[in-house]
Amino acid sequence: MVILPLTLKEATAHARGKKLLGPVSLKLDGAGITMVIGPNGAGKTTLLRLMHGLQRRSGGVVEWAVPERAARQKQSYVFQSPIMMRRRVLDSIAYPLRLRGISKAKAHAKAQQVAARFGLAELLDSWAPRLSGGEKQKLALARALITDPEILFLDEPCANLDGRATREIEEILRMAQAAGTKIVMSTHNMGQALRLADDILFLLGGKIHEQSAAEPFFQNPKTKEATAFINGDIVE
Amino acid sequence: MSEIAKGFWEAWGLILSLDPDLYEIIFLSLQVTVTAVIIASAIGLPLGAWLAVNRFKFRRYVIAVLNALMGLPPVVVGLFVYMMLSRAGPLGGFGLLFSPSAMIIAQVIIVTPLIASISHQTLRDLWAEYHDLLISFNATRSQRIRALLWDGRRALLTAMLAGFGRAIGEVGAIMIVGGNIDHATRVLTTAIALETGKGNFAFAMGLGMVLITLAVLVNLLIHTLSKTEQASTW
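Protein chains in written order, with the working numbering: chain H, 1 to 236; chain U, 1 to 234.
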């Protein structure tokens, strides 16, 4: 079952009468890493949550190639501050499989494989909430990828991590991308966007200000706001 | 002071000599209370979790009523259960009045709101933490409730122990529906009330100490078995 493309048509999101996003129209298809960038309050998190179904849309259309219920089974989300269940690492990674009715033995076997790939093999018996920031984010990624999603949303997954942990996360993301997972990720880190992005969504004031492949965006941005943002100037 | 000391030693004498009457009362107290707490937990814990994850009209009022029911007067519960179980009552045909079963029913009614309310408050906070994650995982409503109950199990133990504390010390309702019948429905609290009425303050005091010791021991046992208050757990 293929759930992409994801199409947004004039999609908007409001909270308590205040517009958070939109109208936004876009189409996500194929593999690769789409990087969502923009200043604080531009709507990056809201856009990711809207696409994943965590944010209710107030208008427009958010449409997958299959019915939404089926599409939910093939997507995962990693939060900026990883939410750690009060369980051991092994049980935490296996949890999404257990929710899908897979037996404990099979879920644990796959969780062990995934944990080994992500450098968590030594921590399987540790309590998840007691891990370091980098380990928590790796666990969150392992938990998100154990179901082999077709698309993975990440909301600034390296925001609070040091260089080493960031490099490890980026390697995991490259592995996931190589395995065929479409990645949609927000970041504040221009260096990370340059390293990872295949294409860019530049948001400003809750709208897509510029959308293009990564290389032309960084080499020849079309708008002065994008130019300023790339140069590290303050953009409001 | 000498009265208290006398009661204390008298009680110890009964405990150490394995007095059958005393142990019968202790075991019946535990049997009634533990059964009531298990039944009340089976109702109250899922109810607390359900209230934590569901949004519906009048939810706020349901929670307010539940909180108010924590202070349910035991004597009124006893009277209500008595009327239900008496021969003229709707459940009179079961012949449960003045039996341990009637005492369990009364205690379940008293303890369930307490367990449900405390567990709701605990699980509401956990739900706020887990909400986005479980929605993202596409967890069904029952899967969400199960996740909260499992991950919050150590905190929920507090709710169960609060229920145990309320039930083991309860006297008004079980006196009415149990009748404090010797070798049948006499438990520690009703025995204390009886001995105090008879002027046997020393013995009543001794029973009181047994009751307090029992409550502390059960709490310690549960905490030890569930490994709470340890460095690596919650």
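Any given hint could be a false lead.
[What the hints assert, rightly or not] One-sided and incomplete, this derived list gives chain H residues near chain U with beta-carbon spacing under 10 Å:
1) H52
2) G53
3) R72
4) Y77
5) F79
Derived by calculation from the structure, the hints in this document are not laboratory data.
Model, not experiment: these values are computed from the prediction.
All C-beta atoms in this analysis are idealised placements derived from N, C-alpha and C, irrespective of residue type, glycine included.
If any of the earlier hints don't hold here, list their numbers in rising order. Violated hints: none at all, because every hint is consistent with the structure.
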